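2 protein chains.
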Amino acid sequence: MPKNNKERLLIFALGGLGEIGKNMYVIQYADDIVVVDAGLKFPEEEMLGIDLVIPDVSYLVENKEKVRAIILTHGHEDHIGGLSYVLKEINVPVYGTKLTLGLVESKLKEANILSESKLILVNNESEIQLGALKVSFFKVNHSIPDAVGVVIDTPEGVVVHTGDFKFDLTPVNNQMADIHKMAEIGKKGVLALLSDSTNAEREGHTGSERSVGESISEVFRKAKQRIIVATFASNIHRIQQVVDASIAYDRKITIVGRSMVNVVNIGIELGYLHVPEGMIVDVDEINKLPADRVVILSTGSQGEPMSALTRMARSTHRKLDIMPGDTVIISATPIPGNEKYVARTVDQLFRIGANVIYGGSISGVHVSGHGSQEELKLMLNFMRPKFFIPIHGEYRMLRLHSDLAESIGIPRENIFLLDNGDTIEISNGKARYGSKIPVGNVLIDGLGVGDVGNIVLRDRKLLSQDGILVVVVTLSKQNATILSGPDIISRGFVYVRESEELLEEANRLVTVTLQKLMIENVNEWSSLKNSVRDVLGRFLYEQTRRRPMILPIIMEV
Amino acid sequence: MPKNNKERLLIFALGGLGEIGKNMYVIQYADDIVVVDAGLKFPEEEMLGIDLVIPDVSYLVENKEKVRAIILTHGHEDHIGGLSYVLKEINVPVYGTKLTLGLVESKLKEANILSESKLILVNNESEIQLGALKVSFFKVNHSIPDAVGVVIDTPEGVVVHTGDFKFDLTPVNNQMADIHKMAEIGKKGVLALLSDSTNAEREGHTGSERSVGESISEVFRKAKQRIIVATFASNIHRIQQVVDASIAYDRKITIVGRSMVNVVNIGIELGYLHVPEGMIVDVDEINKLPADRVVILSTGSQGEPMSALTRMARSTHRKLDIMPGDTVIISATPIPGNEKYVARTVDQLFRIGANVIYGGSISGVHVSGHGSQEELKLMLNFMRPKFFIPIHGEYRMLRLHSDLAESIGIPRENIFLLDNGDTIEISNGKARYGSKIPVGNVLIDGLGVGDVGNIVLRDRKLLSQDGILVVVVTLSKQNATILSGPDIISRGFVYVRESEELLEEANRLVTVTLQKLMIENVNEWSSLKNSVRDVLGRFLYEQTRRRPMILPIIMEV
Numbered sequence: 001m002p003k004n005n006k007e008r009l010l011i012f013a014l015g016g017l018g019e020i021g022k023n024m025y026v027i028q029y030a031d032d033i034v035v036v037d038a039g040l041k042f043p044e045e046e047m048l049g050i051d052l053v054i055p056d057v058s059y060l061v062e063n064k065e066k067v068r069a070i071i072l073t074h075g076h077e078d079h080i081g082g083l084s085y086v087l088k089e090i091n092v093p094v095y096g097t098k099l100t101l102g103l104v105e106s107k108l109k110e111a112n113i114l115s116e117s118k119l120i121l122v123n124n125e126s127e128i129q130l131g132a133l134k135v136s137f138f139k140v141n142h143s144i145p146d147a148v149g150v151v152i153d154t155p156e157g158v159v160v161h162t163g164d165f166k167f168d169l170t171p172v173n174n175q176m177a178d179i180h181k182m183a184e185i186g187k188k189g190v191l192a193l194l195s196d197s198t199n200a201e202r203e204g205h206t207g208s209e210r211s212v213g214e215s216i217s218e219v220f221r222k223a224k225q226r227i228i229v230a231t232f233a234s235n236i237h238r239i240q241q242v243v244d245a246s247i248a249y250d251r252k253i254t255i256v257g258r259s260m261v262n263v264v265n266i267g268i269e270l271g272y273l274h275v276p277e278g279m280i281v282d283v284d285e286i287n288k289l290p291a292d293r294v295v296i297l298s299t300g301s302q303g304e305p306m307s308a309l310t311r312m313a314r315s316t317h318r319k320l321d322i323m324p325g326d327t328v329i330i331s332a333t334p335i336p337g338n339e340k341y342v343a344r345t346v347d348q349l350f351r352i353g354a355n356v357i358y359g360g361s362i363s364g365v366h367v368s369g370h371g372s373q374e375e376l377k378l379m380l381n382f383m384r385p386k387f388f389i390p391i392h393g394e395y396r397m398l399r400l401h402s403d404l405a406e407s408i409g410i411p412r413e414n415i416f417l418l419d420n421g422d423t424i425e426i427s428n429g430k431a432r433y434g435s436k437i438p439v440g441n442v443l444i445d446g447l448g449v450g451d452v453g454n455i456v457l458r459d460r461k462l463l464s465q466d467g468i469l470v471v472v473v474t475l476s477k478q479n480a481t482i483l484s485g486p487d488i489i490s491r492g493f494v495y496v497r498e499s500e501e502l503l504e505e506a507n508r509l510v511t512v513t514l515q516k517l518m519i520e521n522v523n524e525w526s527s528l529k530n531s532v533r534d535v536l537g538r539f540l541y542e543q544t545r546r547r548p549m550i551l552p553i554i555m556e557v
Numbered sequence: 001m002p003k004n005n006k007e008r009l010l011i012f013a014l015g016g017l018g019e020i021g022k023n024m025y026v027i028q029y030a031d032d033i034v035v036v037d038a039g040l041k042f043p044e045e046e047m048l049g050i051d052l053v054i055p056d057v058s059y060l061v062e063n064k065e066k067v068r069a070i071i072l073t074h075g076h077e078d079h080i081g082g083l084s085y086v087l088k089e090i091n092v093p094v095y096g097t098k099l100t101l102g103l104v105e106s107k108l109k110e111a112n113i114l115s116e117s118k119l120i121l122v123n124n125e126s127e128i129q130l131g132a133l134k135v136s137f138f139k140v141n142h143s144i145p146d147a148v149g150v151v152i153d154t155p156e157g158v159v160v161h162t163g164d165f166k167f168d169l170t171p172v173n174n175q176m177a178d179i180h181k182m183a184e185i186g187k188k189g190v191l192a193l194l195s196d197s198t199n200a201e202r203e204g205h206t207g208s209e210r211s212v213g214e215s216i217s218e219v220f221r222k223a224k225q226r227i228i229v230a231t232f233a234s235n236i237h238r239i240q241q242v243v244d245a246s247i248a249y250d251r252k253i254t255i256v257g258r259s260m261v262n263v264v265n266i267g268i269e270l271g272y273l274h275v276p277e278g279m280i281v282d283v284d285e286i287n288k289l290p291a292d293r294v295v296i297l298s299t300g301s302q303g304e305p306m307s308a309l310t311r312m313a314r315s316t317h318r319k320l321d322i323m324p325g326d327t328v329i330i331s332a333t334p335i336p337g338n339e340k341y342v343a344r345t346v347d348q349l350f351r352i353g354a355n356v357i358y359g360g361s362i363s364g365v366h367v368s369g370h371g372s373q374e375e376l377k378l379m380l381n382f383m384r385p386k387f388f389i390p391i392h393g394e395y396r397m398l399r400l401h402s403d404l405a406e407s408i409g410i411p412r413e414n415i416f417l418l419d420n421g422d423t424i425e426i427s428n429g430k431a432r433y434g435s436k437i438p439v440g441n442v443l444i445d446g447l448g449v450g451d452v453g454n455i456v457l458r459d460r461k462l463l464s465q466d467g468i469l470v471v472v473v474t475l476s477k478q479n480a481t482i483l484s485g486p487d488i489i490s491r492g493f494v495y496v497r498e499s500e501e502l503l504e505e506a507n508r509l510v511t512v513t514l515q516k517l518m519i520e521n522v523n524e525w526s527s528l529k530n531s532v533r534d535v536l537g538r539f540l541y542e543q544t545r546r547r548p549m550i551l552p553i554i555m556e557v
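Just so you know, the protein sequences line up as chains A and B, in that order.
Residue numbers for the first sequence follow full-length UniProt numbering, so the first one is 1 and each next one is one higher.
Residue numbers for the second sequence follow full-length UniProt numbering, so the first one is 1 and each next one is one higher.
If we strip away everything but chain A, and leave its shape as in the complex, we get (with noise of 0.2 angstroms):
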């Protein structure tokens, strides 16, 4: 008897593909959905002014019954942060691990909408039923505690959904990745695999975040005066790391950048970070401190502007002061695109007569949390899916890691490289593509949720690059005369008091152009403006080659 055309697997992502952030993956069978994490991207370089990017989520609004639960692997920005704008449009129950609900319930206060929402704690041993899908869970590592992968059994077969995962075999809390489980899992049968492609691009293995730790207290060994740590704040286990050295060295921490302090307050409350009493001191009480018994743990690794490192790096911080002498190891690699930021703060560092440690990877205060290329075929070993789909990560590195899957056996036809929208359908065991979901980027500017789009950010581009000119003008119509003006004001084109004879040319152009129109009895105001525009544009290119905004105002009494 041929099933019923709703039961199908569908399985799409609504971000995540062909992109670092805003993961989003989506399993449904029949008229029951479950959502893989919300996370947010930050902007490109062309997205003028927009603070932070989501993924739309139009598809989950029109299905707003069908949508069981919104599942959160672990507690990144790029898998919670869209978290707070998705459950304003749809509240649907949110399950994780307990730090990462931790990280969710802060940040759920800040948007005003915690009391509202429905959290639930789950743990590697936890077993949901979700209409027909069975959701449970296997313990990964990652640069963050509490990580995990996700299982969601279906009527068609057991979807597998990594989340962002390496093989640490000598992990920093012992917590080992569920291999055992994994291997299970794998043995049972695995109808599709959702994995991690981050590092798709790196042969071998990635490092052991331990080996960090040991870089990390040979630099504290030989520090002999004030020690700066920047690292991400959400890396508890790196942290741990500097704790732990601090406590070997006889050392105490102060805990500058609000993030920074959120997570460690967070870390300790739910008992992820051990930290013994009186370790941790603020900002006054370790300015009182000598130079040697001092550990400053700090947001900034990105060389982010506003940063606690970048402001003690320029000698604007409030409180702190960074000596010459002092040691700053910059415990991360730069995220694609925040090179020249990272560089800029070393330099200002090195200004100042700091010794810096970073350039993570040589110096070995530094390894990534995703898996390198043999821990993505050993997961494919694992799992021996049927069908692969390799997520999180930019075109190329899916494609690397189709790659990777075919080299272990998976046939071509079985892997899907899919981009945002694009969806899998599985009835009786075959795959297939579907239609496309409408998906895309909703972008944040202030308060605003989406009401910046393509044509503000073209403005901006403009703007940016050649700057504006309004050009004002008070015309009377009946005796065609212009009554007051032309007046020109500029911002971000010319320097105004070097270009005094530009700007008075364009004035008398404009000036001619509309006493001719007005003597032709062209009066219709587009025209007027239109022409003033065509005008001035091309006169500005020739003498300058810059192509400023002009915006002609024209006024009529």
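These are calculated hints, taken from the structure and not from any lab test.
These numbers come from a predicted model, not from an experiment.
Worth double-checking, as some hints may not be accurate.
Note: identical chains are not told apart, hence a pair may lie in one copy or across any two.
Simulated pairs of lysine to any residue, SDA-like, Cα-Cα distance not exceeding 20 angstroms [as the list claims (entries may be wrong)]:
no., residue 1, residue 2
1, K88, G446
2, K181, D153
3, K461, L551
4, K188, G429
Starting from the structure of chain A, add chain B where the hints point.
Same frame as chain A, now just chain B:
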């Protein structure tokens, strides 16, 4: 007898220290000035709308009659790109090797100043007497042929400027660096060494250009369809190796990208590039050949949005398409800041189905043109200078190069870590810091040279973030009423159609504010304008958390 105060050696940089780009170093003895290089720099991210940056040469203009020459070390943009601007200010003789002058000529021709320029050809055996200074040269290896180091014999002793260099023991053109000459120069005694710091962060040795040829040849051997190679136009050695591989595998070449066509022509004409007759064909010809006989040599190795490779990747090139199965070699590494552009191009190429060879150092299809730490130490050992000034690099590179110099035995107090404009005065064998020379960035925007300064850039930045709001209103002050307006026009702020309410409310607020002020008899334009700006700014920030530029235009009738 004490020497005249003027009889001292001055060394400083007008550009190139604390930055990569706009190299310009000055050696002055009494009334004789020799300038080494006149480069440009590409704009930093925050220099919105700027095309190029050149050094401020006020010092040279003020001392015009003392400037004996500009000596060019090689033909890269960061060494010759500022020349056409500088020569317009001071038309002094320019000395360079054959290829360097070939490239300079084409630049000066474009700037319409070739005929009045004085270009003088030199080679590694030339000696030039310039007042009290005698200038000679030694060959170095670099990623462009005909690169030289400069020896300046002064009454105080010998100053050596390495130019950009590496030690390539198996160079493609068999032109080894003049290591014997370098040894001899060092043996005779060097007072001060200025040496390239670009790769001071890299351990070991930089690979030989010849190894790239082998990797490229291996890719050619495997390729079954078209091969597209993108590299820097100026890397003639690289281009020669692509030509050689094309000969070996019986492929014809077409050249795309304006600068690539230009440099290849100059390279062939001057005898630096050896291409068999009929090997290079035009685009229309190449499209008639079978795919396995085709090589496309292209610009765009930095993912530049308008380059030939990027256009091919986006399928918007007028004549050339990349097909699934074609092989693309990106024979370069991204310059810091370009990583994202390159990644985007690689992604687009993969999407088309091309086989992309990228990530230069891992895939072997690129090596740097600058020496790594062991080579820098070798240069230091050849020269054994009394004083050392690391040049050509961001601060951390100069700093690490200083450490290298110290490691080979140069005392710390003889190493000068300078900024642009810092001067070293050497007299009677003693060096000390002299007074600072004015330096700076001159921004080129279109035809404007230096007419864009901090205020214009700050406005562009503001405009790019949140756009602009122009408020136009006509008042009758006599009867304290608003005659027309307020009209609010916005660009780059919000999508107007979705923000009608906000703009209406803003409008009402301006009306109320102005009426109130006029009733209170506040009539000065500046007060009215400031009030509108303040009230509106506050309101919009409250409502949107954005701060658009607000431009009140108040007309009076």
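Numbers of unmet hints, in rising order: Of the numbered hints, all hold.
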